[in-house]
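Under the working numbering, the first residue of the sequence shown is numbered 4, with each subsequent residue one higher.
In short, the hints are calculated from the structure, not lab data. No residue lacks a Cβ here, since even glycine has one placed at the ideal position from N, Cα and C. Some clues are possibly wrong.
What the hints assert, rightly or not - Restricting the straight-line Cα-Cα distance to at most 25 angstroms, the calculated cross-link-like pairs of lysine-lysine (BS3-like) are:
| id | residue 1 | residue 2 |
| --- | --- | --- |
| 1 | Lys130 | Lys78 |
| 2 | Lys162 | Lys115 |
| 3 | Lys78 | Lys209 |
| 4 | Lys115 | Lys130 |
| 5 | Lys137 | Lys123 |
| 6 | Lys71 | Lys209 |
| 7 | Lys87 | Lys71 |
| 8 | Lys162 | Lys137 |
| 9 | Lys123 | Lys209 |
| 10 | Lys115 | Lys33 |
| 11 | Lys78 | Lys115 |
| 12 | Lys71 | Lys118 |
| 13 | Lys130 | Lys118 |
| 14 | Lys123 | Lys78 |
| 15 | Lys87 | Lys33 |
| 16 | Lys87 | Lys118 |
| 17 | Lys130 | Lys162 |
| 18 | Lys115 | Lys87 |
| 19 | Lys123 | Lys162 |
Claimed, not checked - Each pair of labels, with its calculated beta carbon distance range:
| id | residue 1 | residue 2 | range |
| --- | --- | --- | --- |
| 20 | Ala113 | Asn9 | 16 to 24 angstroms |
| 21 | Thr116 | Val70 | 29 to 37 angstroms |
| 22 | His203 | Glu119 | 23 to 31 angstroms |
| 23 | Arg218 | Leu82 | 29 to 37 angstroms |
| 24 | Gly19 | Gly173 | 28 to 36 angstroms |
| 25 | Gln178 | Asn9 | 40 to 48 angstroms |
| 26 | Thr116 | His203 | 33 to 41 angstroms |
| 27 | Arg85 | Glu221 | 44 to 52 angstroms |
| 28 | Lys115 | Gln178 | 38 to 46 angstroms |
| 29 | Ser146 | Asp20 | 42 to 50 angstroms |
| 30 | His203 | Val70 | 36 to 44 angstroms |
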Amino acid sequence: MINIRNVSKVFPMESGDFAALRNNEIHIRKGEFVAIMGPSGSGKSTLLQLIGGLDLPTSGDVVVDGVKLNALNEKERTLFRRTKVGFVFQNYQLLPMMTASENIALSLAANKTPKEEIRKTVQRLLKEVNLEGKGDQFPSQLSGGQQQRVAIARALAMKPGLILADEPTGNLDGQNGRDILQLLSRLSREEQMTIVMVTHDRQAAKAADRIIVIRDGEVAQDGLEGGEAV
4 MINIRNVSKV
14 FPMESGDFAA
24 LRNNEIHIRK
34 GEFVAIMGPS
44 GSGKSTLLQL
54 IGGLDLPTSG
64 DVVVDGVKLN
74 ALNEKERTLF
84 RRTKVGFVFQ
94 NYQLLPMMTA
104 SENIALSLAA
114 NKTPKEEIRK
124 TVQRLLKEVN
134 LEGKGDQFPS
144 QLSGGQQQRV
154 AIARALAMKP
164 GLILADEPTG
174 NLDGQNGRDI
184 LQLLSRLSRE
194 EQMTIVMVTH
204 DRQAAKAADR
214 IIVIRDGEVA
224 QDGLEGGEAV
């Protein structure tokens, strides 16, 4: 599903070039739930941005579902992100003036999906993330855990094969965090979605099938087993 081939990412700075990633090789199978760990500034979030087509490598290839992202132009990468990848962030990034249902429907509306299909899809997703009856509520009326569930439902709207989650439990208490990890694990196991999650939390990483540790822009460890109950 994901092939990172000899990928480096260098950022030019006044004090000299900064290599956020250095010559990395990573391969992730379809349906695999992978946690990426590492200290702040290690390059893990940069890697997530490259996999999602939000940025391009300085050298090497990023291939996702057979598509070489660094060979696409900006318009093509935007379409790729919109249809192939679901993003989940630590701070939810919900639009406060829209209800839960309207937030979930955003990508569907952007792709000119018929209104009745949008309605049915939103209702299905609310049920899937255990938020039935909450569709008319605004983000401010929902708990942090509920807002993150809305964000996951929004990420699932276009039926992506890949979910990229950047610290998805970072703002949640213990139980809500465990609930989100269980949901991601179920999506990987039952829906065969590939999930790549950046986290600094060792306990959260244990929910994944596999743990990759990045230090100083390089893969320091790959293949540490997760899969523990959360």
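* Go through the numbered hints given earlier and state which of them the structure violates, listing their numbers in rising order. => When the structure is compared with the hints, numbers 1, 3, 6, 9, 10, 12, 14, 20, 21, 22, 27, 30 turn out to be violated.
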